Every structure is written in C-alpha cells, then in structure tokens.
Amino acid sequence: MADLSFLPESLRRQLAEIGQVDVLVGIPSFNNARTIGHVVRAVQAGLARHFPAHRALLLNSDGGSTDGTPDVVRQASIASFETVLAAHPLRAVHRIVTPYHGIPGKGSALRTVFAAAAVTGAKACAVVDSDLRSITPEWIELLVEPVLERGFDFIAPLYHRHKYDGTITNSIVYPLTRALYGARVRQPIGGDFGFSGRLAEHYLGHDVWASDVARYGIDIWMTTTAITGGFRIGQSFLGAKIHDAKDPSVDLSAMLTQVTGAVLSLMGTHAARWREVRGSHPVPVFGFEYAVGLEPVPVNLARMLERFRTGARELGEIWQRALHPATAREIAAIASASDESFVFPPTLWVRTMYDFAVAYQHGRLNREHLLRSLTPLYLGRTASFVVQTRDAGAEEVEQILEELCLEFEREKPYLLERWDETGGGR
Amino acid sequence: MTATFTERLVGSLNAFFEAVLRFLPGLLAAVLILLLGLVVGWVLKALVSRLLRVARFDRACDSNGITQILGRADIRTPPSLLLGRGLFWLVFASFAMAGLSALGVGFVNRLIAEFFLYLPRVLSALLVLLVGFLLANFLSRAALLGAVNAGIPSPRLIALVVKLLILVLSFAMALEQLRIATSIVLAAFIIAFGAVMLGLALAFGLGGRDVAKRVLERQLDTRTDETPDGFSHL
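So the sequence lines, in the order shown, correspond to chains A and B. Take 560 as the starting number for the first sequence in the numbering used here and just add one per residue. Take 540 as the starting number for the second sequence in the numbering used here and just add one per residue.
In case anyone wonders, no lab produced these hints; they're calculated from the structure. All figures in this text were calculated on a predicted structure; none of them were measured in a lab. Among these hints, one or two may not hold up.
[Unchecked claim] Covered by chain B, per the in silico footprint, the following chain A stretches (three or more residues, Cβ under 8 Å):
| no. | stretch |
| --- | --- |
| 1 | 724-733 |
| 2 | 813-827 |
| 3 | 930-943 |
[Claimed, not checked] Selected chain B positions facing chain A (Cβ under 8 Å, derived; list incomplete):
| no. | residue |
| --- | --- |
| 4 | Asp601 |
| 5 | Ser602 |
| 6 | Arg615 |
| 7 | Ser633 |
| 8 | Leu658 |
| 9 | Arg660 |
| 10 | Phe677 |
| 11 | Leu684 |
| 12 | Gly690 |
| 13 | Arg695 |
| 14 | His772 |
[Said to hold, decoys possible] Residues from chain B that keep clear of chain A, each with C-beta distances beyond 10 Å, as calculated:
| no. | residue |
| --- | --- |
| 15 | Leu577 |
| 16 | Phe634 |
| 17 | Leu639 |
| 18 | Ser640 |
| 19 | Leu683 |
| 20 | Val687 |
| 21 | Ile705 |
| 22 | Leu773 |
Backbone N, C-alpha and C fix where the C-beta goes; we use that ideal spot for every residue, glycine too.
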C-alpha cells in the first residue's frame, strides 16, 4: 500500500472507527458554502436511493474554507427521505469533514479521497465538484454503478452542453487526448468521475503530489493515467452541468495556460505510449443521452478576432520560435482576412497545436510564455468555429468537432516527425 | 685616467650583468607562469564549455533570447564557448599579472595588487548586467503577452518601457559596483528615472486623457457597454 502518512491523525481515527465501506463519494471544496449543501444532499439521496444495502461514506476534503463550508456539509441533510426515496435506506451514510494536507488545490484534496478509499477498502468511488448546481441523485448511480456492478475502473462524465460551452475542451483537450491515447473520452476534464478502489490505489502510488497535478491538473491527470494504465474506461451521461459562476479574476489566458500545460506535460511523460497509438476507439457510454439545447448566447466575434490579429501583429517573434515556418506563414495570411470570411482551417489549428506541443517539450521558450502566447491563436480558432457553426444544430456541431478530432488523428505523423526532428521529450 | 675608465666600464658591465642575472630568474619564472596560465586557461575553457553544453546552457540562452541578441551583434559563437573563452582570458590575465609580479618591479606590483582588488568588482558588475539583461528580456516578454491577452493598446510600447527601465537600472547598478563616478551615476539615474516616470504620467494624463478616462471607467465600473461572451471555455 502507498505511503499514507500525509493523512491527518483525526481522519485516520475516524476512518478506523468506520471500518470497511463499499462506496465512497469525495467532495473537494474551498469556500463553496453557497452550493455545497445541495451537492451533499444530492449525494446522500443518491447513495440512499441507489445503494441502500451498501456501506457508504461521504468525505468532504476541504482546503481551509473561511466561509463556513465544513459547517454546511455537517448540517446538510434531507429533511424527509420519503420525498426522495421509495423505501428507507438500510444503512446510514457515514460522513467525514476533513481538511487536507499538502499544496492547496483540488489535486491534494483528491489525494486524501484516494487515501481514504485505500484505508476503507472502498470498491467504488466517485468525486463530484462542490460548486455544482445541477447535480441530481442519479449522478451518483451513473458514476458508481458501472464500477460497482460492471467491472469498470474509470467513469468519465458526459454533459449536456451548449455548442459554445467548453471550447477549450472541444478544440484542444478532447481532440488531443483522443489522438494521443486513442480513447474517445469526450469530457476528459469534466471534474466529476467514478473510479474503482484499485484505480484509487494506482493513483496514490504516483509521486505527483508536489507538482501542478496537486494544484489544478488533477482532472486530465486522472483521465490520462486511467487510459495509459490500461484500466477499463467508460462514460456516463449526466445531463446538464451548471455550476457556480467562476471567479472573474481568473482570466482566459491563465485558464488556457493551466489546462494546456497539464495536457502537454502529460504528453511528455507518456511519449513512449502515445507514439504507438494510431486512430481511436469509442468508449462505452452509460445513461440516457438526449439532445442539446441551442438557445442563442451573446458572442463578441469582433473582439475575438481583434485579439487574434493583435497577437499576429505583436507576437510574431514568439510564434516563430514555436511554430514551423509554414504554419507561421499561414497564420500570418489568415490574420488579414475580413471578419465574415475569416477561417482558421482545422489542419492549420492541428499543426499549430502540435507545433506548440513540440516547442513545450523542447523548451525553446519559457513554458509559461509559450502557453500564454497561445491565447490569441485559440481565440482565432474559436472565432472561426463561431462563424462556421452560427446556424448549426447540435448534430452538425458534433459532426464538425468529430471532423476536427479526425484531423488531429490524421496529422499525427506530422507530430511524430517534428517530435523526432527536434528531440522533444527524449 | 685609463684605469679609472676601465674600472668604471667593468664596474658598469658587472652591475649590468648582475642586474641581468638577478632579473633572469624572475623573467624565466614570468614566462613559465604565462605558459602555465595558457595551459590552465585552455583546460578550464574546454572543461567549462563542455559542462555548459551538457547542461544545455546554449538551449537556455536560446530560450531566453540571449542567442538572438548575440546574433544581432553578428556573434555566431555558441554562448557556452563564449563563456569558456571569457574564462580563458580571465585566467590568462590573472596568470599574466602573477607573472609580472615575479619580475619584482615595484610599480608593476602595485598595479597588480590594484588589479586583483578591483577584479571582484568587475565580476560582480558583469553578473549584475547579465541578471539585468535576462530579467529585462523575461519581464518585457511577460508584459507584452499580458498586454496582448488583456487587449491593452500599444503592447509593444509597454514591453519596451519595461525592458528599458530594467536595463537602465541594472546598468546604473553595474556602474555603482565599478565605483565609476558613483554620485554622478546615482544622481543621473534618479533624475533620468524620475523624468521618465513624470514624462509617462504627463503623457498619459494630458495626451491620453480620454484613454485614461476610458480605462479608469472600465476598471471602476462593473457595467460594460461591450457584449459579454456567453462562452464557458472549460
């Protein structure tokens, strides 16, 4: 068993008192008093309704909230089980509220959850974000049941999302992860996952808890580690994902830098693995999938294009050090197109991302600066996507994203060629 | 008279040959020290250049923009070799000074003592310049990226101002290390720095009054006339 000495003494004592459990649900939190009560109630109802005969534990791993989050978790309860259940649960759901030790971040919070799973011998686990407003008791069934009853090791979420939601996932994280590792996990950084006790132990065995994984890269790390570790992977359709408004001080560039940096860093770690992968395979889906609503949302296309053009004008020197000369020339050419005829072709975007991946490994530029310089390019690609899908329905949008993913797969030889040319990751 | 002349001639020649004989071991020692300096300098140059290459120093210089700056000055030598050569000359110069002191000439000895006392100041000034240069490049690029991503007008100007300020500051610090007209440099720096800041403030306040007004309004007013995006990027 991995080293568990980082667990707080009080938590160890509580876990020892509880003993073995079948299902463990972890909720990482930091100042989520507004929303976590609803999440705890949904988890409690989900466990009582769908796993009434199983021993269950709800673990809140908190990062030192100052808004009373732990108190809300302790006090949250379902007023009357009759309103949500057909029968009374056979077993009470244990509940632990604990601070985590280590670098502040979701990764450290989840490390505590993995360790608790190892101590209690949990067969199936789930983690859900504490800022969710749309979570229902069914989410727990959908994340836990495939692990507990069908032998899956990792269940990623599938959400009902607007075509302009999750654009970093759609244009970078999903296609890149799919092309690299060959598994079509649609929401690799969804944040709400189900996993087996076996996989929790596997996660614990990795020495990544002093890195960015502990801070913010945990979601893509969990997905990638599950895929590359050869674990059995599935997806569950959870419906809509609505969460509390994000902190406005976290700007797009910082978000993009963190997410892309996590993906590219893992790419270096698993180079030997993804080099051998060709094409991709579907991943089993659980749950009832339904169509995506497409109500219009405001989009400031002119501003996105202006940022892209400013980048093309001002960051040419930085881009030239990251991009292949042909890619840099093509980007300079499209920057002069008019707003309405603007197109950032999928092939050009794929090559841009692959060039950045190679530059990231090669270290020809400070990594933070390299990733920050991606923001105008990402906005250019997103603007092109908006122009292309302005009147498109859900199926058409999904088809366009599928084409982009296939382009990432087709262009993989280009990535390999450049990776070897520059000695990236060796 | 003839005897006196001969005595004087012989005496002078004796004195000359004695002086030469006294000087010769020193000269020989000086030549040997110089040769030793050449060998030690060459070995250290080869060793340091190789170590720097193994530690990917050239690549680090490439990513920090040092190679590009050297290229602009038409210096194509890899930075690792350049540093190795610098070390060679430093070692050789030190041995040369030691060699000169072996000659036992009074004023040369004083010069050498001053050289060795001044050497640490030269090295620390070079270090200050190098760190200042690296910092200026790094922060000006960070400012450029930050300004572009935040949609701030004239990002290149902002980056240039950041770079110049840091370079001027490090140059003044290097001169202060070298003790070159310390008070004048300090006064000139304070005046120049103050003038730049005042100039920027005036330019922003008078020339860019409307821009300043818009920026402040945008910062202080949470309402915005721009259409907010309905995107959730993650």
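Results for each hint:
no.: 1; hint: 724-733; in the structure: holds (count 5)
no.: 2; hint: 813-827; in the structure: holds (count 3)
no.: 3; hint: 930-943; in the structure: holds (count 5)
no.: 4; hint: Asp601; in the structure: holds (6 Å)
no.: 5; hint: Ser602; in the structure: holds (5 Å)
no.: 6; hint: Arg615; in the structure: violated (18 Å)
no.: 7; hint: Ser633; in the structure: violated (35 Å)
no.: 8; hint: Leu658; in the structure: violated (33 Å)
no.: 9; hint: Arg660; in the structure: violated (31 Å)
no.: 10; hint: Phe677; in the structure: holds (7 Å)
no.: 11; hint: Leu684; in the structure: holds (4 Å)
no.: 12; hint: Gly690; in the structure: holds (6 Å)
no.: 13; hint: Arg695; in the structure: holds (6 Å)
no.: 14; hint: His772; in the structure: holds (5 Å)
no.: 15; hint: Leu577; in the structure: holds (36 Å)
no.: 16; hint: Phe634; in the structure: holds (38 Å)
no.: 17; hint: Leu639; in the structure: holds (45 Å)
no.: 18; hint: Ser640; in the structure: holds (46 Å)
no.: 19; hint: Leu683; in the structure: violated (6 Å)
no.: 20; hint: Val687; in the structure: violated (5 Å)
no.: 21; hint: Ile705; in the structure: holds (16 Å)
no.: 22; hint: Leu773; in the structure: violated (6 Å)
Violated hints, listed in ascending order, are 6, 7, 8, 9, 19, 20 and 22; each of the other numbered hints is respected by the structure.
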